[in-house]
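Engineer: Chain by chain, the residues run as shown.
There are 2 protein chains.
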Amino acid sequence: MTTGGPEADRAGEPDLTGVPAAALPTPALLLDPDVASRNISQMAAAFGPLPARLRPHVKAHKCAELARLQLESGAAGLTCATVAEVAAFARHCGAASRGATALLLANQVASVANLRVLAQAAAAAPVTLAVESPEQAALASLAATEAGTELGVLIEVDVGAGRGGLRDLAQLAPLAAAVARSPGLRLEGLMGYEGHATSERSRARRRELVAGALAVLHAAAAELRRAGHEPRVVSAGGTGTFDLTGADPLVTEIQAGSYVLMDVFHQETSPQFGVAVTVAATVLGRHGALIVLDAGRKALGGDLRPPRIAGLPRAELQFLNEEHCGFTVPGSAPRAGDQVRLICGYAPTAVNLYPWYHVVRDGIVTGCWPVIGRHGER
Amino acid sequence: MTTGGPEADRAGEPDLTGVPAAALPTPALLLDPDVASRNISQMAAAFGPLPARLRPHVKAHKCAELARLQLESGAAGLTCATVAEVAAFARHCGAASRGATALLLANQVASVANLRVLAQAAAAAPVTLAVESPEQAALASLAATEAGTELGVLIEVDVGAGRGGLRDLAQLAPLAAAVARSPGLRLEGLMGYEGHATSERSRARRRELVAGALAVLHAAAAELRRAGHEPRVVSAGGTGTFDLTGADPLVTEIQAGSYVLMDVFHQETSPQFGVAVTVAATVLGRHGALIVLDAGRKALGGDLRPPRIAGLPRAELQFLNEEHCGFTVPGSAPRAGDQVRLICGYAPTAVNLYPWYHVVRDGIVTGCWPVIGRHGER
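First to last, the protein sequences are chains A and B. Following numbering that gives the first Met the number 0, the numbering of the first sequence begins with 0 at its first residue and continues without gaps. Following numbering that gives the first Met the number 0, the numbering of the second sequence begins with 0 at its first residue and continues without gaps.
The reader is advised that the hints may include incorrect statements.
Listed below are several chain B residues computed to face chain A (Cβ distance under 8 Å; list not exhaustive) [said to hold, decoys possible]: (1) Ala27; (2) Leu28; (3) Asn113; (4) Arg162.
Sample of chain B residues at the chain A side, in silico, Cβ under 10 Å [unchecked claim]: (5) Arg115; (6) Gly163; (7) Gly164; (8) Thr281; (9) Arg285; (10) Gly300; (11) Trp355.
Calculated from the structure, these hints are not laboratory results. Note that CB positions come from ideal geometry on N, CA and C, so glycine has one too.
Just need the whole structure built from these sequences, with the hints factored in.
Structural biologist: Next comes the structure, spelled out in structure tokens:
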């Protein structure tokens with residue numbers, strides 16, 4: 000990964016301004032910027048009364064333009080999922096206003112090559128990462144000192160999701176000590192992402208799981224304080240739990256991201272946000288009640304939830320192949336040649352399949368916003 | 000989609016020649032060119048005694064270098080799944096030796112914009128597409144005449160997969176007549192892809208389903224001949240059925256593609272081919288028997304079959320998150336910081352997530368081969 004500057008990423012941007020969305024080759028990724036802006040304002044307003052601040056997760060949209068809108072609306076900085084995202088967003092948003100764009104990599108890193116990319120990105124914007132072991136801390140320290148920079152560290156605690164993070168809080172004090180004495184590292188606090196809670200459909204059940212996650216975070220914070228370290232940053236929360244987790248005064252920042260774009264999965268927990276991203280597809284043909292579309296798993300992703308057709312709530316997915324999907328639709332429309340808009344089952348993996356959003360207002364393409372920071376991209 | 004020439008696609012290629020694969024940032028897409036070449040030779044040899052020829056499906060690898068190796072080994076041309084693939088492969092392989100690179104788009108198209116891309120590509124190499132209705136034929140005819148070119152047409156018949164294609168063979172003669180009299184179209188024959196058969200684990204069951212599919216194709220061919228059109232091309236078959244479908248003298252060409260790279264899904268039906276593509280990932284940490292890796296659905300895809308760890312047959316997938324997966328592994332290795340290689344559950348969707356293959360020989364990167372023709376790419 001070399002640095003190329005924002006211009007390098009835009010060099011190949013297709014000039015489709017003024018083209019009707021209905022005249023785009025399909026499948027195509029479409030963004031409604033007004034719905035996205037409304038979601039951003041609505042979320043910013045919801046954070047008004049909360050003690051926590053929003054550090055929105057860019058993994059959901061991978062788009063510098065959307066990240067800038069979030070920062071302008073008061074976001075505390077950005078959260079990333081991968082070193083490729085950190086590198087891309089440091090380049091595109093690192094110089095943004097008032098140092099607000101500090102980048103949190105809300106994941107651990109254990110590859111020397113990845114840590115080098117991260118330390119290089121830290122030259123453009125302050126970077127913090129999650130750590131769960133002395134081995135990870137040692138590797139991060141080496142990369143930071145080698146690059147002559149500093150990396151912030153949040154100690155990751157498993158709050159019930161069962162993925163990464165310390166399971167045994169007795170290991171917290173020794174790990175904090177190891178981080179604190181490591182050159183190039185700056186111990187900032189704790190992270191505990193309640194991924195198992197954010198996706199629960201029942202708000203009561205989400206509340207229960209969040210309470211359990213917060214109990215672990217409070218215990219971890221007490222442990223850290225006993226070891227002589229004040230957790231200045233405590234990061235947690237997603238779109239489905241932001242107002243529950245963000246209401247606890249211990250939590251200083253929330254990682255919600257998917258509220259900007261929305262999809263079938265996130266509509267279950269967060270119907271107050273509008274769907275800003277869709278995939279345009281063309282009906283290839285009709286066989287009785289079955290319509291076959293030219294968008295499949297390579298155009299929509301295919302995980303977590305089945306896609307839906309916007310405006311056709313009675314359409315039911317019958318299959319999702321590599322380059323096709325099929326829906327049964329009552330009535331005789333749509334027909335071969337018609338364009339439909341699909342709501343993604345899970346937008347973050349769908350967006351990840353495209354190099355551009357076509358920004359569409361009143362049916363006309365008004366711009367192309369690059370998708371950045373995908374795996375393997377420089 | 001504008002044409003840029005092969006050089007344009009390579010301009011941003013990272014120069015990683017000489018870097019050990021173990022020092023690449025992860026996740027990374029790795030290609031073993033020797034295994035891929037062996038698979039290509041082995042498949043070419045298997046076609047020796049068959050009446051059908053191989054027109055390999057590039058959707059599996061999306062790689063001009065691999066397509067050229069296939070053409071050099073005697074492939075009849077290339078099969079594509081999307082207009083983006085046709086545009087990219089026309090540009091990269093259109094001028095290849097002896098006109099052998101005619102491109103079959105083994106799918107229907109019903110969008111005017113997509114048909115324009117296709118007609119434009121036909122200037123670089125002969126292009127044929129599948130058609131199932133007079134509406135599709137009319138749209139294709141318009142695009143071809145508008146571009147001053149000609150498109151070949153295969154009438155698609157549903158041989159049991161239940162996706163696209165004529166269900167009622169009584170519609171075949173009128174459709175053939177419509178195609179034959181449409182300016183800019185050239186009726187070439189029939190297509191009937193037995194997608195429902197290729198994935199059956201049992202060879203006996205595959206044989207049964209192929210027999211059923213071939214019966215439909217024979218009936219369709221008879222219908223076409225009665226209408227006065229000799230099917231010069233009859234296209235069918237995949238990696239799991241190539242030798243069954245390709246043994247019928249009616250079938251002139253086979254669309255198999257996944258044999259080049261292989262994955263967990265295709266190993267079930269076609270274990271004679273070697274695994275040429277893997278995803279390198281780093282172990283982030285270990286929690287008892289559970290190891291957590293820095294590769295998830297955005298790095299591996301996540302459909303059809305779970306991924307496996309190469310060389311660790313007893314490792315069992317526990318979860319596949321957006322950017323992580325977890326395996327239980329007996330013993331104490333691998334550990335945090337170790338790199339492992341993952342065999343994709345389904346390679347075509349995994350490859351589609353990356354801009355490059357890192358070509359690796361004896362543990363050293365010897366080149367980067369672009370992945371081309373992804374959705375939205377020009």
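Engineer: Evaluate each hint against the coordinates.
Structural biologist: Here is what the structure says about each hint:
Here the hint on alanine 27 (chain B) is kept, as its CB sits about 7 Å from the closest CB of chain A, short of 8 Å. Interface restraint check for leucine 28 (chain B): the shortest CB-CB distance to chain A comes to about 7 Å, inside 8 Å, so the restraint holds. Because the closest C-beta pair between asparagine 113 (chain B) and chain A is about 5 Å apart, less than 8 Å, the hint holds. The beta carbon of arginine 162 (chain B) is positioned within 8 Å of a beta carbon in chain A (closest approach about 6 Å), and the interface hint is therefore held.
At a threshold of 10 Å, the smallest CB-CB gap from arginine 115 (chain B) to chain A is about 8 Å, leaving the interface hint in force. The beta carbon of glycine 163 (chain B) comes within 5 Å of a beta carbon in chain A, closer than 10 Å, and the hint placing it at the interface holds. Annotation: interface hint on glycine 164 (chain B) holds; nearest CB of chain A at approximately 9 Å, less than 10 Å. Interface restraint check: threonine 281 (chain B) against chain A, minimum CB-CB distance 4 Å, threshold 10 Å, status holds.
For arginine 285 (chain B), the interface hint holds, since its Cβ comes within 10 Å of a Cβ in chain A; the closest pair sits about 9 Å apart. Of the supplied interface hints, the one on glycine 300 (chain B) holds, with its beta-carbon coming within about 8 Å of a beta-carbon of chain A, less than 10 Å. With a least beta-carbon distance of about 6 Å to chain A, the hint placing tryptophan 355 (chain B) at the interface is held under the 10 Å criterion.
Checked against the numbered hints given earlier, this structure breaks none of them.
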